[in-house]
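The whole structure should be built from the sequences, with the hints applied where relevant.
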Amino acid sequence: MYRNDMTRKEIERAFAERSKADEDLIRSLARCDRRHFLRVSMRFAGMAAAAGLVPAHSFQLVRVARASEVGGGEGGFRFAYVSDTHLYARGESHRFVRAAVKAVEDMNALDPQPDFVLFGGDLAQLGRPDELELGRQILSDLRAPVRMMVGEHDWYLDLGDKWREMFGPDHYSFDHKGVHFVVLNSVIEEDFWTEKGYTPEERMAIVAGLDDPRQNPFTVGEAQRRWLAADLEKVDRKTPIIVFSHSPLYKLYRPWNFWTDDAEEVQAILRPFETVTVIHGHTHQLLTNKIGNIHFHGMLSTAWPWPYAPEGLPEYTVQMDRADPFNQFDGCGDGQVMVHGSGRVDKHYNLWDRNPRVVTAQELAADAIPGPRAYAGPSY
Numbered sequence: 001m002y003r004n005d006m007t008r009k010e011i012e013r014a015f016a017e018r019s020k021a022d023e024d025l026i027r028s029l030a031r032c033d034r035r036h037f038l039r040v041s042m043r044f045a046g047m048a049a050a051a052g053l054v055p056a057h058s059f060q061l062v063r064v065a066r067a068s069e070v071g072g073g074e075g076g077f078r079f080a081y082v083s084d085t086h087l088y089a090r091g092e093s094h095r096f097v098r099a100a101v102k103a104v105e106d107m108n109a110l111d112p113q114p115d116f117v118l119f120g121g122d123l124a125q126l127g128r129p130d131e132l133e134l135g136r137q138i139l140s141d142l143r144a145p146v147r148m149m150v151g152e153h154d155w156y157l158d159l160g161d162k163w164r165e166m167f168g169p170d171h172y173s174f175d176h177k178g179v180h181f182v183v184l185n186s187v188i189e190e191d192f193w194t195e196k197g198y199t200p201e202e203r204m205a206i207v208a209g210l211d212d213p214r215q216n217p218f219t220v221g222e223a224q225r226r227w228l229a230a231d232l233e234k235v236d237r238k239t240p241i242i243v244f245s246h247s248p249l250y251k252l253y254r255p256w257n258f259w260t261d262d263a264e265e266v267q268a269i270l271r272p273f274e275t276v277t278v279i280h281g282h283t284h285q286l287l288t289n290k291i292g293n294i295h296f297h298g299m300l301s302t303a304w305p306w307p308y309a310p311e312g313l314p315e316y317t318v319q320m321d322r323a324d325p326f327n328q329f330d331g332c333g334d335g336q337v338m339v340h341g342s343g344r345v346d347k348h349y350n351l352w353d354r355n356p357r358v359v360t361a362q363e364l365a366a367d368a369i370p371g372p373r374a375y376a377g378p379s380y
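If you read the sequence shown in this note's numbering, its first letter stands for residue 1, the second for the next number, and so on.
Any given hint might turn out to be false.
Said to hold, decoys possible - Below 30 Å or equal to it, Euclidean Cα-Cα: the simulated DSSO-like pairs (lysine-lysine) are: (1) Lys290 with Lys238; (2) Lys234 with Lys251; (3) Lys162 with Lys196; (4) Lys196 with Lys251; (5) Lys177 with Lys238; (6) Lys234 with Lys177; (7) Lys234 with Lys290.
Hints are computed from structural coordinates only; laboratory data are not their basis.
The following block contains the structure:
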């Protein structure tokens with residue numbers, strides 16, 4: 001129906017002459033439920049992309065590893081991740097909603113299915129109950145079991161009350177196929193709001209601003225550090241540990257709060273274990289670090305990509321070229337983590353509008369990953 005060389009007038013005529021089935025589909029929106037509306041929205045987004053009205057995108061499925069490639073058969077497994085959807089309660093046609101639906105469809109298309117899906121935090125943008133409920137409904141379509149982690153955008157409107165009501169504890173641990181998993185709330189801030197008399201909405205806006213100097217740095221906090229130490233006391237030092245945190249458990253760039261103020265204290269609790277991997281959200285980019293025996297990997301966002309910090313970028317990071325701001329899918333995506341029998345992981349980034357990227361445990365352990373490089377591409 002559409003050609004790459006069509007003029008805008010021809011495109012408009014093609015849309016005007018769309019089939020009766022599509023006209024019926026449009027009329028059905030007035031009586032459809034939310035889930036049907038989301039699927040219809042994605043269908044018309046695809047039509048617009050095909051017509052050249054918005055940048056086209058395609059799902060690039062990360063190659064599924066065979067069991068022999070993931071930990072040598074027994075003990076190897078994989079999980080998928082979705083993170084930083086930043087959903088606004090602006091209706092189901094908002095592009096962040098469409099991106100979250102796309103991520104769910106990506107996860108559901110995996111064959112075989114992952115053992116579970118991790119959601120990496122910042123489900124909502126302003127922590128509103130309707131935003132969180134929208135996110136819960138979208139994630140409910142996932143075929144695999146879902147593990148939830150909280151982000152600052154989910155937390156600071158009501159200090160986590162609605163989150164805990166909907167999703168349970170903000171920190172917990174579980175064991176899966178010989179690996180001990182820990183989920184932390186790493187976005188705790190010291191009270192900056194009471195003395196100043198900020199309303200909950202003002203507090204949320206300050207934290208959501210990311211670089212607003214009125215807030216305090218993120219921490220895991222003393223209470224959670226005590227809990228973490230007690231939780232790990234029961235775990236053999238040779239058991240692989242995988243930690244999920246929203247903010248990176250190291251100090252990357254303080255002005256953007258890409259930073260956890262008590263990171264060294266958390267690292268000290270993790271250091272006695274032979275194999276530790278930390279997987280975090282919040283930074284919206286490909287990010288790799290290694291501190292001692294701890295490997296760190298950042299997640300992609302489904303909402304928007306974040307630029308790289310002007311200083312302090314870890315030397316093991318394989319940088320992505322600057323994203324095209326006129327393409328809503330560029331620099332965004334979802335992914336998978338392949339867990340080897342040793343407990344080390346290969347991190348697969350499914351970039352929606354670029355080739356997939358993989359950071360392997362073997363490369364990171366051997367210091368073989370290239371360091372940051374200067375970007376020589378076009379400036380947008």
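Evaluated hints:
1. Lys290 with Lys238: Since the Cα atoms of lysine 290 and lysine 238 sit roughly 19 Å apart, the hinted pair holds (cutoff 30 Å).
2. Lys234 with Lys251: holds, 28 Å
3. Lys162 with Lys196: This hinted pair holds, its Cα atoms lying about 24 Å apart.
4. Lys196 with Lys251: holds, 27 Å
5. Lys177 with Lys238: Since the Cα atoms of lysine 177 and lysine 238 sit roughly 14 Å apart, the hinted pair holds (cutoff 30 Å).
6. Lys234 with Lys177: holds, 17 Å
7. Lys234 with Lys290: With a Cα-Cα distance of about 25 Å, the restraint between lysine 234 and lysine 290 holds, given a limit of 30 Å.
Checked against the numbered hints given earlier, this structure breaks none of them.
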